[in-house]
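**Student:** What follows is each chain in one-letter form.
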Amino acid sequence: MMLIGAFIDKLFAEAEKRGIAEYQAVYSESESFDLQLFRQKIDRQSGSRSCGLTFAVRINGKIGRFYSECFAERDIPLIVSEAAGNAANMECEENFFFYDGHGAYETVRPYCPDTERLGRLDKVAFLAELEKKAYAADSRVSNVVSVSYHERFSRRIMRNSLGLDLQAERKTARAGLWLSATDGHSVKSGGYAVMFDKPEDFETDTIVFRAVEDAVSRLNAEDIVSGKMPVVFKNTAFADFIEAISGIFCAYEADSDKSRLKGKIGMPVASPKLTLIDDPLLDGGYATAAFDDEGVPAKYKEIIKDGVLKTFLFGLSMADKYKCASTGNGTGGLASRIFNYYVKPGDKDADRLFEEMGSGICVDRLNGLGVAVDTVSGNLSVAAEGFLVRNGKKAAALNQFTIACNIYDVLKNIREVGNDLTFYCSSSGSPSVLVDGITVAGA
Amino acid sequence: MLKKSLVETVLARALENGGDFAEIFVEKSHSAGIFMSKRQVHSSQSALNYGAGIRVFNGSFYSYADTSDLSEEGLMRAAAQAAAATGLPKAAAVVKCFPQPVENRHQIAEFPFDGKNAEKIELLRQASELAYACSDKIIRTDAAVFDKVQDVLIANSDGLWAEDRRIRERFVLSPTAESGGETFQNSYLCGGLRGSELLRGLALEEIAGRTAAEAVEMLEAVNCPAGKMQVIMNSMAGGVFFHEAGGHALEATAAAKNASVFCGKKGERIASPLVTMIDDGTIPNAWGSSNIDDEGLPTRKNVLIEKGILKGFLADRFNARIMGVEPTGSSRRESYRYAPTSRMNNTLILNGNDKPEDIVKNTEYGVYAVQVRGGSVNPASGDFNFSVSRAYLVEKGKITKPVKGAKLIGNCVDILKKIDMVGNDMSVSGAGYCGSKSGRVPVCHGTPTLRVSSMTVGGQK
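In the order they appear, the protein sequences are chains F and X.
Residue numbering for the first sequence follows the working numbering, starting at 1 and increasing by one per position.
Residue numbering for the second sequence follows the working numbering, starting at 1 and increasing by one per position.
Just chain X, same shape as in the assembly (with noise of 0.2 Å):
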């Protein structure tokens, strides 16, 4: 993208005000969007995203400079002002960069842009007439389909030089269903390090009948009920609860500042000995994945959480540094216009020995996510809160109705305790964006289903 002979030239000056390590992060990014709403296109989108993020590093303290202008100029106008931050007196400095191989453990078949969009309407167009034929309660459908390569390049003053290549794909299809003033939208949502071959194997058939049927069921749904009880979570939501629950806080963006409440806990027990609980970026064409991390790192599998016990925590090269730990190969950010940090790529808890059916089976009372639409946390306090869309209630062992969505809360210190079955399903699902420090990053998760023994359930009666 850049010559190897500017890139040197830009992380010397950046190092000229004698910072001890200087890194530059340079991205082109071609994205598309098409959205359908009742079987019309509403919205075609496309960008082009092209600029480069500079960090100086001295010490425990960290400057950072973007630019959209890739010029020589514009880049050293950067690397100056990175470098002016440290407020230190001139130095010469030399890079030399060596171009190492990156493994591809990605293989895309089909590039997603040129001349595809006429097939992707197509397809946005079958996935919508097919659930809208399920039922004649379905009065609305909504589907989309994303797709972005983005090209970066990761270069530092210990010479790495990193190149890779991302083409993600999203898809998404969302029908509204309504009788007797009861409306109710699903969503079904899919996405990979893939190209277009993501949205064609789709089996398009089965997605909209299942999400359609699932939104006509919740027009049945009743009120939710309120207070502590028993919750079982399928692959989804258990997802994002322990996305909320357990890995923000084991984050070195909030561990290094000892603003975790896991802070200080490594060695310790802080889940139940049934969670297992590991970030693995290498998952091959998984929604999360990539070849390196936005530090030019090779992703890894990072194991969390080893049978209740705190193995270690997500940490960048920065806070790394200031924890005294490696870095996990888990720094990210959204763009060159956010500096990274530590963030999770693909969660999964790993299988326990329970069958799914023997967790509703031993449920006296309580609430089934299915699917969930986010949530948050705050690491330092530990209260965390996600959105169930679609749920079912479970009476004496057998799930009996369909219930509205709640909220569902806890606090991370205790929740994790209390996880007292794990299913031997796991499945890894889900296609979302986190949004945090270094801006909105895809992550998905799996997980088995599980049951948290009790938890505050947000509901309406």
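The following block holds chain F by itself, in its conformation from the complex (with noise of 0.2 Å):
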């Protein structure tokens, strides 16, 4: 196998041999490594290391890709052939561009654990200790479904003929403990993970709490009684909910009309409280870059202020469909991608979000959100876990129901956001939000 520079100036040379003007490799490459602990021993440990090489090629404005893990100099002509075949085949009315690097690259901090401390970690006695300490935890506890360490590094490499020359590496480490929680007459399961970037994420005591409570807390559940209510979603869940939307605000949705928010730029489509941001130069972030997957500059942006909308989310070609720049969301195609995505927190407690609401659901987990989505009509139904809030307080857990609304109704009827902003384990992140007008259905 040849050094990847080398590989790459091949297939640049084999572009021009014929004819080709304009070409891009994007190349990456992973180390991984798992541990999985059952019964106080690991059960099981994998190692990864993968790399692979998108090739692309534009021919007549529009951008053909191949992407290969094989790296042999005998397949260099298939690679080549393969992505201008890709292009050939394109007809859409838009064009596909090349970025050749121009602007100022930010200099960012994105997320990496606590190396040094990860380092001097026994990872197998720190996984033996989690599942130790969560039977000890509760008598409730009856079986501890997994305990994980996995970490990962990567590295990308952007170069095309238009003088682009970009890299970037990452590096990602978690721990998780999964467990199911019985009452003797059903069993709930419940976790908790981290990312060892804060001190907390170290402390198997405090992850233990955190899991245990999760399952424990959702025992000697009650059926939900049938209605329309206002609903607290909890920040993690109410994460996962923008998260599933956030096809709406890409441009190539609305252009499709598959976002029902076109041509409302400079509308309200939102509760006046919700202002929610996409910032890829957050310190610390998740998803934090200094550039997205054309190699444009990220940019800070608010996608709505105030409940305003203010962009939609481009990328290079869209962004020329629409004669305005590129907002640093590209994808290479005509989607767009986020990056840390975040609605702004306001400044109440979750505890008064629910003396505001008096009664009602909190829900703290929504289940198959991924398909439950129809963006088009904005119809959503989804599974959900939660507790009762009455008189402002948490009451009983909930049996597994389900919740119906419309995302676009949801973004309005926003009727306050708390103050608790987390990004659990996810570059998407959100306060408590409560929200009127949820239909929910159980037993």
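Hints in this document: simulated from the structure, not taken from any laboratory.
Ideal placement from N, C-alpha and C gives every residue a C-beta, glycine not left out.
Only true hints are included.
One side only, chain X facing chain F, incomplete, derived with CB under 10 Å:
(1) Y64
(2) G74
(3) F184
(4) S376
20 Å max Cα-Cα, derived SDA-like pairs, lysine to any residue:
(5) K116/X to Q150/X
(6) K171/F to E151/F
(7) K461/X to S377/F
(8) K418/X to D223/F
(9) K148/X to L78/F
(10) K437/X to D43/F
(11) K417/X to S186/F
(12) K38/X to C92/F
(13) K418/X to N399/F
(14) K321/F to S43/X
(15) K123/F to A84/X
(16) K38/X to A335/F
The task is to assemble the complex, starting from two chains supplied on their own in separate frames and drawing on the hints.
**Tutor:** See the structure below:
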């Protein structure tokens, strides 16, 4: 196998030889390591080393790509032919572009685990302690389903014929504890995961407490009484919600009539309490990056400010179509991506949201969200877990129920936004949010 | 794909630290997808995936190392990494593999690559035009074709050497209808262990016409009721229901760790006596089939539930040794980057005696689910959910009107016992992907029309 720089040079030379003027290579490599413990013994260990290269050519304004994990010199003609063939298949009216690297790239500080402390950590002992303490923490813990550790290092190189030459590296580490608990009648499960970027992420007592609490707090659950009611979405649940609907802010989705926000820039589309941000430059953010997938400098933006839609998310192709600048959210195709994407926190404690609501429910987990959203109609019906709120206070846990609403109405019906913004092992974050008029169904 | 002597050396290296079993999975895949929107190709992509995964067992422990470097150096490094994880002292090992014939039960008529792009694009265009022609309310169509040729080699220290080629093609047509501010995107999906004959053999006129007409019909849909009610499911909805509410909790992945609500219930009644559930990886040319599983064992027909009684779990080689059972030929993985584990292939519910029309006639009030988008389950708690995208209201024994989609939820432990009518019209459908521990694998389903006596429907009113 030849060195990647030399391989890319040969691909570029092959493209030139065929009279192709514009081309690009994006190479990524990663190494990962995983440990899983069961009944005080490591029962699975895995390691991975992989690399792949996406070679793209631009012919008559269209870009064709080919991804390869094979770096044999004999495959170079195939890679160039496939990319050119894919460009030739393209028929859409949009034009596509490579980026030449102009403009200022911010110096960013992405999330990184505390590598020094992590280096000293005995991972096997750490996982064994988590499992042991989880069983000891509460007699209702019936089974520790999974205790795992994962770390990954990845590197990406982007080079093209316009002079773009960028590189980025990323390190992640994560541990998680997942368990079941029983009250004798039913089994509920819960868990907690950490990314080793905060001091408490190294404390087994804290992880065990949160994981056990997540499971046992769901026991002795009641069936919900169906109806329309206000709902407090816990921060992590609302973060999942906004991530699931993020497509409605994509310029291509609006252009294709798949987002009902089309034509609404500058108009109120949400409660004045809602400000929704995409910030690739966020200090320590899980998706922090200096540039997008097209090599365009990434920038901070408010998608919704005080309820008013300020921008869609553009890559180079859609920016060309709408005669505007890329917002630095490009993917290389028509779609756009998000980075650190979050709801700006308000000033009320989450408990105050319960008081504000009086009676209703708190949703702390949404199940099956990925297939539940129809962005065209906005209809959403999703499985949920959580608990009752009575007289402004947390009351009984609830058996799994459903909530149904329209996503565009949810944005408008936000009554209050809490101050407990969190990014729980995710680059999508939110504080807890109180929303009116959600249809809830259960037994 | 690789020389036998090299594979044997790599497997021997993997056992050098004293593991009791070593296996290598080598893959070379070529895939391509063409996506058309509004009559124009807007994305055309292809890829070559190439790599190997090496697994070493030592009692109830296993290690896995994967690499995209198939050179001798790359493979030996992965083997050493997998071996080192056992933590045992060095011991010399010799491995000899014996190529075994793999019966090809899935004949492919036409290789899907080799200059077929123009023809594929033309068929996507035809399908789109036919959908547009169905109604002026069709404002957009999306159509796509996806092909994959996956060559695999699986060898292990027990001497197994099995090679297989899997060719899959998948077609999607999604017309969007709009009227008076209401929109609905419908979709038709089919796929198989087939080559280009799949797309070419489709009755596009009938498929496009029906899919577009269903989209237009849904513009009149009213809000779905919310609460507990009778739920009828056709073959497609029933398939996803059993996949989530039954299948996942019967995979050894969950069962071997006591993380399934069905653990310890073999021989017990877990479903209505009307239910016989089979997972069958052998159905010729079905989307979820293959000749051998990803551990090199022939796929087979596994009876999971017989007349309501739990007969067994789907077990891969590793979890089978933990559970003290035989592997069931249903160990699968998305690619070499994943260690394999027990997964469903084509999940079937055998026919009952009810006529589908009698099921409707005998339903006082409920929802008839005919199209779903997918779902999920937590095998440990048994809570499952799935999203219905198209449904009808049934009132006093008659289908009355279309209703908007809704989430359906329940718990595996009691819902399977609530199946009170099973039709005699089983058909195999679906060409979906199931995402779980060993990645995304192709699955399909076959059920007759069936009814659940009471289930929570997450409607809007």
